[in-house]
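In the order they appear, the protein sequences are chains V and X. According to the working numbering, the stretch in the first sequence is residues 8 to 92, in order. According to the working numbering, the stretch in the second sequence is residues 18 to 233, in order.
Among these hints, one or two may not hold up.
Below, in silico cross-link-like pairs of lysine-lysine (DSS-like), each with a Cα-Cα straight-line distance of 30 Å or less [claimed, not checked]:
#1 X:K116 x V:K85
#2 X:K73 x X:K116
#3 X:K73 x V:K85
#4 X:K103 x V:K85
Covered stretches of chain X, going by a simulated chain V footprint (3 or more residues, C-beta under 8 Å) [to be verified]:
#5 57 to 68
#6 136 to 142
#7 155 to 169
#8 199 to 212
It is worth saying that the hints were derived from the structure and are not from the lab. Cβ coordinates follow ideal geometry from the N, Cα and C atoms, glycine included.
Residue strings, one per chain:
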Amino acid sequence: MAMTKDISCHQAVALVSDYLEGALSWRDRRRLEHHLEGCDACSAYLDQMREIILLCGVVTPDDLSAQAVARLVDVFEKYQRDAST
Amino acid sequence: MRRDHEFLRLKIEKYPWPMEDQVLIERILEGDRDAFADLVQRYNAGLTRLVRYYVKTDATAQDVVQDTWIAVLRGLSKFEGRSSFKTWLFRIGANLARKTGTRERRIIPIDPIDPVSSARFNEGGMWSDPPAPFTEILEDRLANAKALEACRRALADLPLAQQTVVTLRDVEGLSTKEVSQLLELTDANTRVLLHRGRAKIREIVEDELKGGYPWQ
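Input sequences plus hints: build the corresponding full structure.
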């Protein structure tokens, strides 16, 4: 494959996650960046992926019931008692 | 610039706790149960997700998680902060979970990734149904809440390996390398799983927001 070969949108989106991870070869990175410069739709896709990563960053764990915390705090108190005897 | 600013805002919203881990640790060593409860609140969900990757049932995972916290309490006075507390905790959890090791060694298929349905491209590989930017929509509080809920739901519905990788990388903010080490995956495999998981979440959030554009 020639170095300057243009990639399609379909190929571009396959590179986006690795691009955000900084894990693309410089060749693929150049191909993708070249494509993004001329493609609003793929640029929007890249932005969406960034937003998704931001969203994941604010997902707070909701599978931790008060009960689960209480149980672990009990473990802590038992540990404290055992340690002091 | 705006993005950096936004990132900061989102991070602050996620971590409203004024206290550093190190402060909590000092208080725990003095016997402060509330400090311990705080630390559990912070990390138990991520820890549970990680442990569940290795063991077969939720019940076993709960046992391993409990053992992990006990091991943490035993070692806490010797924790020197060379790595972050989270990294240290997760390493202990992964080791204990591996020892319990009820899950067969995972085989991660490396078939080509198709992060977006082929139906959305024409024969030349150009978008026929292009994505609409949702940056502006996310600035609206209601849409933001909707997207967040869709994101949470999508994450919960991902296959186990993808879910674990996305949780550790994007929710907990570990590096790809740390995730690979904890899950005994190659970096390449981790990135494939991350990519799939993110793509799936993106699709679901996009679907959710599509119906919700106020001008449509």
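Hint check:
no.	hint	in the structure
1	X:K116 x V:K85	holds (25 Å)
2	X:K73 x X:K116	holds (13 Å)
3	X:K73 x V:K85	holds (28 Å)
4	X:K103 x V:K85	holds (23 Å)
5	57 to 68	holds (count 6)
6	136 to 142	holds (count 3)
7	155 to 169	holds (count 5)
8	199 to 212	holds (count 4)
Hint compliance for this structure: no hint is broken.
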